[in-house]
Amino acid sequence: MPSIAKPIATHPSMQRNQLGLTLRDYEGAMSTLCAGCGHDSITAAIVRALWELATPPHMIAKLSGIGCSSKTPTYFVSGAHGFNSAHGRMAPIATGANGANRELIYIGISGDGDSLSIGLGHMCHAIRRNVKMVYLIENNGVYGLTKGQFSASADLGSKSKRGEPNRMAPIDPVLLGLSIGATFVARSFSGDKEQLVPILKAAVAHRGFALVDIISPCVTFNDHAGSTKSYLYTRKHQLRVTEADFVPPANEIVAAIGQNSATSVTMHDGSVVRFKAVPPGYDPTDRQAVFNYLHEQQGDGEVVTGLLFLDETVGDVHEMNQTSETPLVRMPYEKLCPGAGVLDRLQEEFR
Amino acid sequence: MPNTTKVRINDFAIKLANVNGTGSASANSLLMQAMFRMGIPVSGKNLFPSNIQGLPTWYEIRVNKSGHTARALDYDLMVAMNSQTYSRDVHELRRGGYLLYDSSWPLDASLIRDDVTYLGVPFARLCNEHFADSRERILMKNIAYAGSLVALLEIDLKIVEDSVAEKYSGKKALAESNHRALRLGYEYAREHFECPLPFHLEKMDANADKILIDGNTATALGCLYAGATVAAWYPITPSTSVMDAFKTLCEKYRRDPETGKNNYLILQAEDELAAIGMVIGACWNGARSFTSTAGPGISLMNELLGLAYYAEIPAVVIDIERVGPSTGMPTRTQQGDLMECAYASHGDTKHILLFPSNPAECFEFAVKSFDLAERFQTPVFLLSDLDIGMNDWVVPRLTWDDSYRPDRGRVLDAEDLERIQKFQRYFNEDETHVAARTLPGVHSKGAFFTRGSGHNKFGGYTETPDEYQEVMDRLLLKHKATAAFVPPPEIRRRSGADFGVVTLGGCDPAVREGLDLLAARGILADSMRVRGFPFDETVEAFLEEHDFCFVIEQNRDAQLRSLLTLETRVPKEKLRSVLVYGGFPLSARHVVDGIMHELYGPDPSGNGHIPASEPMQIEE
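Which chain is which? The protein sequence lines are A and B, in order. Here this note's numbering is used: position 243 in the first sequence is 243, and no number is missing along the way. Here this note's numbering is used: position 2 in the second sequence is 2, and no number is missing along the way.
The set of hints was computed from the structure by calculation and includes no laboratory data. Note that this is a predicted model, so its numbers are computed, not measured. Check the hints yourself; a few may be wrong.
What the hints assert, rightly or not - DSSO-like cross-link-like pairs, simulated, lysine-lysine; straight-line CA separation at most 30 Å: (1) B:Lys261 x A:Lys6; (2) A:Lys6 x B:Lys445; (3) A:Lys335 x B:Lys210; (4) B:Lys457 x A:Lys6; (5) B:Lys6 x A:Lys335; (6) A:Lys335 x B:Lys261; (7) A:Lys335 x B:Lys252; (8) B:Lys422 x B:Lys457.
Claimed, not checked - A few chain B residues facing chain A, derived, Cβ under 7 Å: (9) Val230; (10) Gly277; (11) Ser444; (12) Ala447; (13) Val471.
Beta carbons are placed, not taken as given, at the ideal position from N, Cα and C, and that holds for glycine.
When you get a sec, could you build the whole thing from the sequences and use the hints?
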């Protein structure tokens, strides 16, 4: 993707995180997306979240497929390795990368074409494996780079720019994820940074696969009257079901968890997600109840947002496979090769 | 008709006709192992259906004191245990051959040939009398015919009994049943027939430094020793046993004795698209990673193989070839994926291919695949096939040099990065046109964007013709440079040779034997077995120095010949094809008949140049 280098301008007054880095250090190249694209707001939220978490840039790996959304890893954390792979194939590549090095923070950026059509199977299986990664779907209901075809997330009856209605039922990644065992399911809106940043921070802290579906209007092809993925429609119908705070491990005691909040969940790394507000009876750890609730709301045309479901009890792909704590890439060769003596002995089986 | 053939020691072929899913495989491998342990050169070919239970399956065993163990097409003895295939089995016997069958039921008169000796043993009746359990009655019939063969072929009974004892150590009841069944067949044959038959076995000492191993197990061993840590795959015949073996080996040798944790990760992917994606992701991160698959899997992997080629990411792809196109014949062998692998993916791509000819080379080349993939930052294909991969071969013991260290290629570490001004991914190539790479998680100065979209030598996105071409041209030079690093061809010369023969992979034993047979008739040929692609200069020189060459391979479209004509300057007319691609392993007769036919036209007798009724024997 084309990109324009952005000069890093810092000012002594800029706030620094625990690593002494400013927000600028978490930025990347200039965006070449359309002015007003929802994806750029998501990029800004990612920059903010990773800066606040003080994640060392070189410990981040950014992966994407192909599409407008998949261009965005260029626009954040220039000090991190990036991999702009092939359409729909980001999930398996991230799975293999994570298999080799479990210590990195994997940020996968995908879109509704990438994740819900060509790469749908891969996304589902990455969810099933509970690969530890943040998996973002920058969801605009439309194919941008090929000029406006409906994607699989387009709602029934939603109209294209030419006025044609979509006649096929949408694939909802949130309901899909819940039904196949996703352990972290969130939905947000690119225009709601206040909600998005803590969700992203919680997603990074999550033990396994964190699915974050973000409605991100396409200003060029899907922001007209009749679209259900426009800014106007989303603002009107957004229903913030949960409000979550992310409390890093060090602040745990200060935050006085659980006193006023509906629920709080301790993450695998010791941080805490504190749900400040949820509807009466809503339990973000009860998969069935969440599923039923979302199903009902969907019928009313509401865009339900928030950190919707969280389960920290399930091990990730490495825990399932009992992989060594030391990342496999750092395993010395001497520990991997059984040597000539063993080869000699084991060949007795072939005699 | 009494057989008047003179005694033949350690030189014959038998074929066993069974029903699949009835347990015949363990009886057949028991026989094969016993012959191996008697020190005799032996090979076994399992000709099995793509089915779980109930269809015909055959197993062929050939012993040959001179070491020629390619598939034989002439059978001295048929063990006919499948009534569905009686008639074709009877007709496959050579004149003067023997048929061992289950005489619990009468043999139909139409199956009687007057040039065949019939040996009836009531296996079903014997087993029904001696075993109560119905499943056991079926299974033990196989061990009973093995017992009869022990008597008829003079297989060392003690060796067989020891094998049974080893195999079922800890399973006393099973061991006892096997011993009983073995004795049933053995005693019956001794009582009713003149044992041994005129062709039979005698102990030799040819296998002291040999092992009996299938190619897929040897390949998995190579991956273990190469230090592969991440394996991703989708189950597919005939490659599944590569990953099965790798898993078994890892459970034994890759589990940390202190923590109990695994120093490996095997991912069963949702499809081959994902499997190769996982391999690329793991290799991008610096692990040694591989996938095992077959032709249909390579078809699916094409997309991401182009990404790995263009973005210069190592990957090892083990392709156990089977018969294509499409689903083809999953349990039959072929060398049909050469073109698919050599140029896998859209756009201009070229890949490194290695062609092992037997399990020993599978082990050696598997290790080599990882070294080449990392050194040249590109996918490497190990092209084995069903015959090599799933059949047991007698090969020299595998050896390992403990001083071996993986060739990781040009990878900059944190110190290197500290030292340099700025890292640029595809810049500053070495003499083999390889640029240094960096791994994630090491240093932010090494960060760059890996991409399959157009890029310039600095790793930046480009749509500029010159910048794009500069990278593509370097990739071509890099590919050419790999020719000096793939295994060189194996060349065998005969003085006074009239022409050359070129082959690859599992054709090797049949070609060697065939050329010996031709030499005995005064037709002399040099031979070259190519072992890697791209071809090095010795390949082209061999083609140049002969007036013409036969290219012997197992596919319809002469894919090796195509590669040779595309990638060398040798005129197409100089290369003539001998093609055998029906799905069974190559035999020396295919080689002899194919070459004779090309040289002299069809044999006037219509029987081929070597009649089926004459066993092929080599002058010693």
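Against the structure, the hints come out as follows:
no., hint, in the structure
1, B:Lys261 x A:Lys6, "violated (45 Å)"
2, A:Lys6 x B:Lys445, "holds (17 Å)"
3, A:Lys335 x B:Lys210, "holds (28 Å)"
4, B:Lys457 x A:Lys6, "holds (20 Å)"
5, B:Lys6 x A:Lys335, "violated (58 Å)"
6, A:Lys335 x B:Lys261, "holds (12 Å)"
7, A:Lys335 x B:Lys252, "holds (13 Å)"
8, B:Lys422 x B:Lys457, "holds (13 Å)"
9, Val230, "holds (5 Å)"
10, Gly277, "holds (3 Å)"
11, Ser444, "holds (3 Å)"
12, Ala447, "holds (5 Å)"
13, Val471, "violated (16 Å)"
Checked against the numbered hints given earlier, this structure breaks hints 1, 5 and 13; the rest are met.
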